[in-house]
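Residue numbers 1 to 224, in my numbering, belong to the letters of the sequence shown in order.
To be clear, the hints were calculated from the coordinates, so they are not data collected in a lab. Incorrect hints may appear among the rest.
Unchecked claim - Estimated spans, in silico, between C-beta atoms of each pair:
1) Ala86 / Asp172: 26 to 36 Å
2) Arg135 / Gly156: 23 to 33 Å
3) His187 / Pro33: 14 to 24 Å
4) Thr42 / Glu122: 16 to 26 Å
Built from N, CA and C at the ideal position, the CB exists for glycine as well.
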Amino acid sequence: MLAMTPDAPKPRPPASDATAAPDTAAGPHPREPALNAWLVETRGIDRPRRIVRVDDERILVSKFEPGFAARLHELLDLMPELFDEASVVAAYEARASAAPPETPRTAAWHDAMHTVLRAAGERHAIPDLRQAEVRTGIDSVYAVLDSVLWSTPTVGDGGYEPARGEISAYRDGLDRLEPTADLFTRHYGEFDGRDVVNHCPGASFARLMLEQAWRACTGTAPPA
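When you get a sec, could you build the whole thing from the sequences and use the hints?
Written as structure tokens, this is what we have:
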């Protein structure tokens, strides 16, 4: 199997991670109806957005109901295997060993993570609809990982080493998973003199998942 480079594993993001959009305990913001009317008229967005926070520069909105970010963190707490490096590598290697040699390593990682998710779902009786929230994140990271390892290394290629271009692509991919990057943040324009921003709460988890996927698929530490 892959020779792993010793390195201290990174802890999974805490539940208080800053990428989780804060929820408002009070009722709807008084400007919410006007904002949603503006979104329909100027952006063609007919699914209402909830105002989560307003400051001098921006209006943070969410398409999720109050408490979604907290529930997502609670859900991920039930499946630590998805964020434990040793568990991720072991799951990948088990899938790679059972797969045909021409199987792309990225596909083996993707299948392994879905297997881990299903096992956690069965263990904790997590409804499939809730598991789908995590599957979407895995699929998003897989898309980035697949574009990063563009040479399509296979599980049967024992001599594979990441190309210089793949290392550069990894750094670019990690930048795309920054909490403020476009992959997780959408800017709708200005309303009431403030930038209207829609943010997904899973950015930090996706970054950690990409880092561990790199280690699993390449056998090397993620590039700094």
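For each hint, the structure was consulted:
1. Ala86 / Asp172: 26 to 36 Å: Between Ala86 and Asp172, where Cβ atoms are some 27 Å apart, the hint holds.
2. Arg135 / Gly156: 23 to 33 Å: Holds, since Arg135 and Gly156 (Cβ atoms, about 27 Å apart) stay within the stated range.
3. His187 / Pro33: 14 to 24 Å: holds (21 Å)
4. Thr42 / Glu122: 16 to 26 Å: Since Thr42 and Glu122 have Cβ atoms about 45 Å apart, the given range 16 to 26 Å is violated.
Violated hints amount to a single one, hint 4; each of the other numbered hints is respected by the structure.
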